Amino acid sequence: MEYQVNGKTIPADEEGYITNLDDWSPELAEEIAKTENIEMDEERWEVVNFLRDYYQEYQIAPAVRVLIKAIKKSMGPEKGNNKYMYELFPYGPAKQACKIAGLPKPTGCV
Amino acid sequence: MADGDDLRKMEHPLDIPCLRPGAMEGLEPFIAAPEHQAKLGFPGELVPNWKEKALEKMAELAEKNRAFQVYLDACVKCGACTDKCHYFLGTGDPKNMPVARQDLLRSVYRRYFTFAGKYFPKLVGARELTEEVLHEWYSYYHQCSECRRCSVFCPYGIDTAEITMAAREILDHVGIGQKYSNEIIGKVKDVGNNLGLNPKALRATLEDLEEEIEDDTGISVRLPLDEKGADILLVTPSADFFAEPHIDGLIGYAKVFHETGASWTLSSYASEAANFGLFIGSYENMREISLRIRKAAEDLGVKRIIFGECGHAWRVAYSFLNTLAGPFDFLDQNYPIPQHILEYTWDAIQKGKLKFDKSQNDHIRLTFHDSCNVARASRMGDMPGGQFEIPRNVIRAVCNHFYDMPDETIREATLCCGGGGGLLTDDLMDLRKKGASPRMTALQQVTEEHGVTHMAAICAICKTQFSKVMPVFGYEMDSIVSVHQLVSNAIILTGQETGEDGNEDEDGGA
Numbered sequence: 002m003e004y005q006v007n008g009k010t011i012p013a014d015e016e017g018y019i020t021n022l023d024d025w026s027p028e029l030a031e032e033i034a035k036t037e038n039i040e041m042d043e044e045r046w047e048v049v050n051f052l053r054d055y056y057q058e059y060q061i062a063p064a065v066r067v068l069i070k071a072i073k074k075s076m077g078p079e080k081g082n083n084k085y086m087y088e089l090f091p092y093g094p095a096k097q098a099c100k101i102a103g104l105p106k107p108t109g110c111v
Numbered sequence: 024m025a026d027g028d029d030l031r032k033m034e035h036p037l038d039i040p041c042l043r044p045g046a047m048e049g050l051e052p053f054i055a056a057p058e059h060q061a062k063l064g065f066p067g068e069l070v071p072n073w074k075e076k077a078l079e080k081m082a083e084l085a086e087k088n089r090a091f092q093v094y095l096d097a098c099v100k101c102g103a104c105t106d107k108c109h110y111f112l113g114t115g116d117p118k119n120m121p122v123a124r125q126d127l128l129r130s131v132y133r134r135y136f137t138f139a140g141k142y143f144p145k146l147v148g149a150r151e152l153t154e155e156v157l158h159e160w161y162s163y164y165h166q167c168s169e170c171r172r173c174s175v176f177c178p179y180g181i182d183t184a185e186i187t188m189a190a191r192e193i194l195d196h197v198g199i200g201q202k203y204s205n206e207i208i209g210k211v212k213d214v215g216n217n218l219g220l221n222p223k224a225l226r227a228t229l230e231d232l233e234e235e236i237e238d239d240t241g242i243s244v245r246l247p248l249d250e251k252g253a254d255i256l257l258v259t260p261s262a263d264f265f266a267e268p269h270i271d272g273l274i275g276y277a278k279v280f281h282e283t284g285a286s287w288t289l290s291s292y293a294s295e296a297a298n299f300g301l302f303i304g305s306y307e308n309m310r311e312i313s314l315r316i317r318k319a320a321e322d323l324g325v326k327r328i329i330f331g332e333c334g335h336a337w338r339v340a341y342s343f344l345n346t347l348a349g350p351f352d353f354l355d356q357n358y359p360i361p362q363h364i365l366e367y368t369w370d371a372i373q374k375g376k377l378k379f380d381k382s383q384n385d386h387i388r389l390t391f392h393d394s395c396n397v398a399r400a401s402r403m404g405d406m407p408g409g410q411f412e413i414p415r416n417v418i419r420a421v422c423n424h425f426y427d428m429p430d431e432t433i434r435e436a437t438l439c440c441g442g443g444g445g446l447l448t449d450d451l452m453d454l455r456k457k458g459a460s461p462r463m464t465a466l467q468q469v470t471e472e473h474g475v476t477h478m479a480a481i482c483a484i485c486k487t488q489f490s491k492v493m494p495v496f497g498y499e500m501d502s503i504v505s506v507h508q509l510v511s512n513a514i515i516l517t518g519q520e521t522g523e524d525g526n527e528d529e530d531g532g533a
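In the order they appear, the protein sequences are chains G and E.
Here the first sequence is numbered in the working numbering, starting from 2 and rising by one per residue.
Here the second sequence is numbered in the working numbering, starting from 24 and rising by one per residue.
Among the clues, some could well be false.
Derived pair list, reagent style DSSO-like, types lysine-lysine, alpha-carbon separation capped at 30 Å [stated by the list, open to error]:
1) G:84 to E:223
2) G:80 to G:35
3) E:87 to G:96
4) G:106 to E:87
5) E:87 to E:223
6) G:96 to E:202
Covered by chain E, according to a simulated footprint, are these stretches of chain G (three or more residues, beta-carbon under 8 Å) [said to hold, decoys possible]:
7) 57–68
8) 101–110
Some, not all, of what chain G presents toward chain E, calculated at C-beta under 8 Å [what the hints assert, rightly or not]:
9) 15
10) 79
11) 83
No lab work stands behind these hints: they were computed from the structure.
Note that the structure is a prediction, hence the values are computed from the model and not measured.
Each residue gets a CB set at the ideal place from its N, CA and C atoms; glycine is no exception.
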């Protein structure tokens, strides 16, 4: 797979995760979201930005629970819960949000 | 092929479908990239002399593993297994009848390794190995979760999973590996777990959970990592550090250890119970992963090894660990080597070391899904069937409302979750939904009869699979729970304030 952003071709794996993490840009995130039928808004950006910050620090995506806790702190309990995360990212905050954030797919029994 | 939206409505969990020849033909999970293959010692792509290599490997497996050869020779096509596979029941594809799936390999074996097959191939249904056949193997041997339900019903005791594993092993050796399993095994070798969770991130996650437990209970409960001199090494699936509801199970283990005063630790080096070497039939990879556990136990100087809730890990641990990584003569011989967390918790309950408020689980009407590898390939405790009774005993000690699913779908006849054996990958989601249909139909029955709302499991794969497929069958994704999550809900820690009046509970027997 690949994405087209500003005339540049960004390579991705079979499932749409970008292969070179440095290729990421906010414009690319919008583009990936589009292929996932997701419209990026303030809440979704909050999640994506948190994932990117966490990845910067730990080189892996956070546990869903850690993500939710952080969102709870910044957006309040009515948004900081699993159900709301799945409303934002129907295919799961871990996998779908990671894809948009340009992070590798979490692997294993998850 | 639609993404599970052609799910058939089943009248009952074992409702036999009308045949749909070719229904799942050509379904192939993503093939491993050369870099994933290389880490496991397999060729990166189809080797030029694949036919010779494949037959060589088949001969070697038949020679080394006499049981495999017997399984190839002994089948009399009686048909007892035909309707026992959840993927056959869910898809109606006749090649998913266990006997037919096995025959994809058996027919090639006959052609090259039996007298009749060499000279009268057509008479005995023997066939040439072609590239087409390799892809048919790749497709249908990834439509088997190695759950071994069909084996229970085979009058010859043919272990069909062994044939699936052998097929995958042969495919790996000619350069056709499955991306999902092989990428994961590579991560275990690099980082120590399936997720690729490094020690720093693992430590941060555990600290976060300690904080959460203290916020919830007012009690400081530790989740120690890499603590030398601890008595117990807990080896648990890395999904327990990451996914829901797994992580609530991990909190449950920690609370039980805390309450029993155990000295325990996790290891960042062996931060994975799962062993996908089993799924791909690779003894070498299975051994390498197992040896990490031995090394961690030696380095940390522990006396005992306990496994968390992971189905196939418990099979590998219970049945093979001593052969793969033993002898464990440096561990305390007064305890089972290794031990299951449920054995530990049940023992503590029997000794009155844990106190529960069962009403904390009163919002749940529960059933229990026996995970295939625990049910059919291991045991717990010191009596036959302990692997069925001990989880139920623990559940009954912490829940007021428990109802089993129909007899023909539980215990040794349990139905696979639909995602086991290396199939828990998004590119097989259609198959996963169809394969879950029998189990989900059994669940719907107890929902109708007893108002069951939740199902508990003791396997990371089952938990993830159900959280994904349950919504398709009318349940919330959090209707799947860890057994130790139920323990965690009900346990009253010493000194923990409960109820609105803030009564302190005394330590006491359950």
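Tested hints:
no.: 1; hint: G:84 to E:223; in the structure: holds, 29 Å
no.: 2; hint: G:80 to G:35; in the structure: holds, 23 Å
no.: 3; hint: E:87 to G:96; in the structure: violated, 41 Å
no.: 4; hint: G:106 to E:87; in the structure: violated, 38 Å
no.: 5; hint: E:87 to E:223; in the structure: violated, 42 Å
no.: 6; hint: G:96 to E:202; in the structure: holds, 17 Å
no.: 7; hint: 57–68; in the structure: holds (count 8)
no.: 8; hint: 101–110; in the structure: holds (count 5)
no.: 9; hint: 15; in the structure: holds, 5 Å
no.: 10; hint: 79; in the structure: violated, 17 Å
no.: 11; hint: 83; in the structure: holds, 6 Å
The structure fails to meet hints 3, 4, 5, 10 from the earlier list, while all remaining hints are met.
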